[in-house]
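Participant: Each protein sequence line maps, in turn, to chains A and B. Sequential numbering from 3 applies to the first sequence in this note's numbering. Sequential numbering from 3 applies to the second sequence in this note's numbering.
Keep in mind that the hints are not guaranteed to be accurate.
One copy or any two copies: either way a pair holds, since identical chains are not told apart in the list.
Below, a list of computed lysine-lysine pairs in the DSBU-like style, where the Cα atoms sit at most 35 Å apart [claimed, not checked]:
id	residue 1	residue 2
1	113	36
2	35	113
3	204	324
4	113	158
Just so you know, these hints were derived from the structure itself, not from any lab.
There are 2 protein chains.
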Amino acid sequence: MTAISRPLEMLRPAMVRFGEGTIATLASWLAEKKISRPFIVSDTFNATRTDLLGISGATTFGKAMPEPDLPNLMEAVAAAQACAPDAVIGFGGGSAMDLAKLVAVLCGSGKSLHDISGLNRASPRRMALIQIPTTAGTGSEVGTRALITDPATMNKVATESPQMLADLAIIDPVLTMTVPPMITAATGIDAMAHCVEAFTSKRSHPLIDAYALEGIRLVGRYLPRAVRNGSDIEARAGLSLAAFYGGVCLGPVNTTAGHAISYPLGTRHKIAHGVANALIFPHVLAANHEAVPEKTALVCQALGFEANTAHDVLEGAQAFCKGFGLNMALSSHGVPESDLETMAKEAHAIRRLLDFNPRELAVSDILAIYRTAYRA
Amino acid sequence: MTAISRPLEMLRPAMVRFGEGTIATLASWLAEKKISRPFIVSDTFNATRTDLLGISGATTFGKAMPEPDLPNLMEAVAAAQACAPDAVIGFGGGSAMDLAKLVAVLCGSGKSLHDISGLNRASPRRMALIQIPTTAGTGSEVGTRALITDPATMNKVATESPQMLADLAIIDPVLTMTVPPMITAATGIDAMAHCVEAFTSKRSHPLIDAYALEGIRLVGRYLPRAVRNGSDIEARAGLSLAAFYGGVCLGPVNTTAGHAISYPLGTRHKIAHGVANALIFPHVLAANHEAVPEKTALVCQALGFEANTAHDVLEGAQAFCKGFGLNMALSSHGVPESDLETMAKEAHAIRRLLDFNPRELAVSDILAIYRTAYRA
Numbered sequence: 003m004t005a006i007s008r009p010l011e012m013l014r015p016a017m018v019r020f021g022e023g024t025i026a027t028l029a030s031w032l033a034e035k036k037i038s039r040p041f042i043v044s045d046t047f048n049a050t051r052t053d054l055l056g057i058s059g060a061t062t063f064g065k066a067m068p069e070p071d072l073p074n075l076m077e078a079v080a081a082a083q084a085c086a087p088d089a090v091i092g093f094g095g096g097s098a099m100d101l102a103k104l105v106a107v108l109c110g111s112g113k114s115l116h117d118i119s120g121l122n123r124a125s126p127r128r129m130a131l132i133q134i135p136t137t138a139g140t141g142s143e144v145g146t147r148a149l150i151t152d153p154a155t156m157n158k159v160a161t162e163s164p165q166m167l168a169d170l171a172i173i174d175p176v177l178t179m180t181v182p183p184m185i186t187a188a189t190g191i192d193a194m195a196h197c198v199e200a201f202t203s204k205r206s207h208p209l210i211d212a213y214a215l216e217g218i219r220l221v222g223r224y225l226p227r228a229v230r231n232g233s234d235i236e237a238r239a240g241l242s243l244a245a246f247y248g249g250v251c252l253g254p255v256n257t258t259a260g261h262a263i264s265y266p267l268g269t270r271h272k273i274a275h276g277v278a279n280a281l282i283f284p285h286v287l288a289a290n291h292e293a294v295p296e297k298t299a300l301v302c303q304a305l306g307f308e309a310n311t312a313h314d315v316l317e318g319a320q321a322f323c324k325g326f327g328l329n330m331a332l333s334s335h336g337v338p339e340s341d342l343e344t345m346a347k348e349a350h351a352i353r354r355l356l357d358f359n360p361r362e363l364a365v366s367d368i369l370a371i372y373r374t375a376y377r378a
Numbered sequence: 003m004t005a006i007s008r009p010l011e012m013l014r015p016a017m018v019r020f021g022e023g024t025i026a027t028l029a030s031w032l033a034e035k036k037i038s039r040p041f042i043v044s045d046t047f048n049a050t051r052t053d054l055l056g057i058s059g060a061t062t063f064g065k066a067m068p069e070p071d072l073p074n075l076m077e078a079v080a081a082a083q084a085c086a087p088d089a090v091i092g093f094g095g096g097s098a099m100d101l102a103k104l105v106a107v108l109c110g111s112g113k114s115l116h117d118i119s120g121l122n123r124a125s126p127r128r129m130a131l132i133q134i135p136t137t138a139g140t141g142s143e144v145g146t147r148a149l150i151t152d153p154a155t156m157n158k159v160a161t162e163s164p165q166m167l168a169d170l171a172i173i174d175p176v177l178t179m180t181v182p183p184m185i186t187a188a189t190g191i192d193a194m195a196h197c198v199e200a201f202t203s204k205r206s207h208p209l210i211d212a213y214a215l216e217g218i219r220l221v222g223r224y225l226p227r228a229v230r231n232g233s234d235i236e237a238r239a240g241l242s243l244a245a246f247y248g249g250v251c252l253g254p255v256n257t258t259a260g261h262a263i264s265y266p267l268g269t270r271h272k273i274a275h276g277v278a279n280a281l282i283f284p285h286v287l288a289a290n291h292e293a294v295p296e297k298t299a300l301v302c303q304a305l306g307f308e309a310n311t312a313h314d315v316l317e318g319a320q321a322f323c324k325g326f327g328l329n330m331a332l333s334s335h336g337v338p339e340s341d342l343e344t345m346a347k348e349a350h351a352i353r354r355l356l357d358f359n360p361r362e363l364a365v366s367d368i369l370a371i372y373r374t375a376y377r378a
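For reference, chain A alone in the conformation it holds in the complex:
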């Protein structure tokens, strides 16, 4: 079978509203659908500015935490059940939107996360779902997947179902203008990592490659501008679009080693998802160079540098990240050196991602990456 004719299922919200000021269209959409009791899932910051949504009669759960865990989800579901909503609105970054997906399918279903985790196990959703990202990174607004950390195992439990696809995504870059420079950098690199990992995945598909490469180019062009000046609406819009394209990549292709190796930084050491990805991304891009040299070269070009060897790739990608003022050493982010071996084993076990990395990475390869990153 040829690459371009290979079967691919693409899921995306049937309606996506993108651009400056589109948040103002939420109220009329809800009115059209006769929705009167929306439930907002948000984080502590965004919970203070739900007035931007321009709606009334909503209940807000404002406690979505970074890297949400099972107790956090259960609290959100309980809050939703108490007010019998007819719509769930995710308003925040990936954490709020992932929680919103699960709240929308769990609320009133009598089921637990355990009952629906994995693939296609959620029952039909009984309420509308709207996603409104306030960062440009996760791409969660266009996807069908949610990740919840299980405190018992420290693993991320993945749940995926077409039932978790939003009816409407509103991507208004104005909402991202308050994101501080360091978080802008980290989330932008996360969006880019989604694109890069899908582009170089064993499951890559020409149809998704087009989004991936455009997403990487947008980050290369606009991330430096948005970090320098958070009010640069053109740069903010470019990054919101890159995050959207990254989300498109996640669905049918998904990430590979970069995300797998980043996860223990989040689950074990509470490093924010975007920062964790930034710390690991250059090392994985370099490690994969030998397996996918042409695609790696295209990634580097899209980010604005030329690289022909693994060493050059690592240097260039690290310089790209350091250019935003990110401290790239694991050691400076509270990771104890003594934990690296356990982390390497944990990352290696994430087969759902690592099996699609363009080259095999043994526990020792992953440990070597952590060790290099430790003092980067």
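Chain A is fixed; fit chain B onto it per the hints.
Facilitator: Using the frame of chain A, we list chain B on its own:
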């Protein structure tokens, strides 16, 4: 407001299945949705091969005609109402899929085309809608718009509503392998024209430009191959994807002068839509050169030739079309020279498209295009 942050609403079927053999997934999708009485809208050719859909219990309306008119639509709606379907399946080219959209919203609604034509006037749809293209051209499978010719006025009546968006589009390039070379060429140029006109429209948007340019490149790369060898599955898949991207362009941006000037060829002289577009496309690309020189240059490059003047653009685009064996003279397609003036007035009146052409075209400009095309 910057170009990239300008608001844009994108509608697309939440589920798109693309690639070789995806037609085999229809039956299980219908079973999952508990659909037992599907109604197939098709043309005479595709009506003979509905066994490819692998479903049972369906009723088929197999009389969708090219450039469907109001009586054709009314017949299809009556046939649907007689069997109270729980799903409508468009199986064919643009005509079958446009009719399917309207059947799905009109069936059982007690309304006529007149009641719902225009923008957002259709009532909520009561049955599922699945679109399965068998040509690579129209892109109707991803859109919310249907065109029906009113015999009273010879105009195309446009109806557009989110209610006409399919729940599922299955784009299986294998279904297009039987399309003969000349129709492959004409439909491929139609897909390309959707991309080119959206790309150069006054309403163009960077987000849609990315699809448009990729669609043009795919046609440039694969149309010559598919015309030469209809069984070249890679080329067929590339063109199916280009048609899909063309459909994505139609929604929020739409076509401009090329389609407006082509319409009278179809409505008045029954020239197939794709052929009509091919005959007119080089002239409009050349006429618009002065207004959008950079974008015109990118279009020419994507099609495989360089052109710096309007004259070169016309020559290059005509050579591209003639390369497929298309006879590019209006005179050879049964258009009487005496009709050109009336046609020019009719085309000029299609303001919904012409108002977004990158330059103003007077009736005399359109007539000049018809006259040049007459003996091209």
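Participant: Against this structure, judge whether each hint is valid.
Facilitator: Taking the hints in turn, this is what the structure says about them:
| no. | hint | result |
| --- | --- | --- |
| 1 | 113 - 36 | both (27 Å within a copy, 23 Å between copies) |
| 2 | 35 - 113 | both (26 Å within a copy, 21 Å between copies) |
| 3 | 204 - 324 | within (29 Å within a copy, 40 Å between copies) |
| 4 | 113 - 158 | within (19 Å within a copy, 51 Å between copies) |
In this structure, none of the earlier numbered hints is contradicted; all agree with it.
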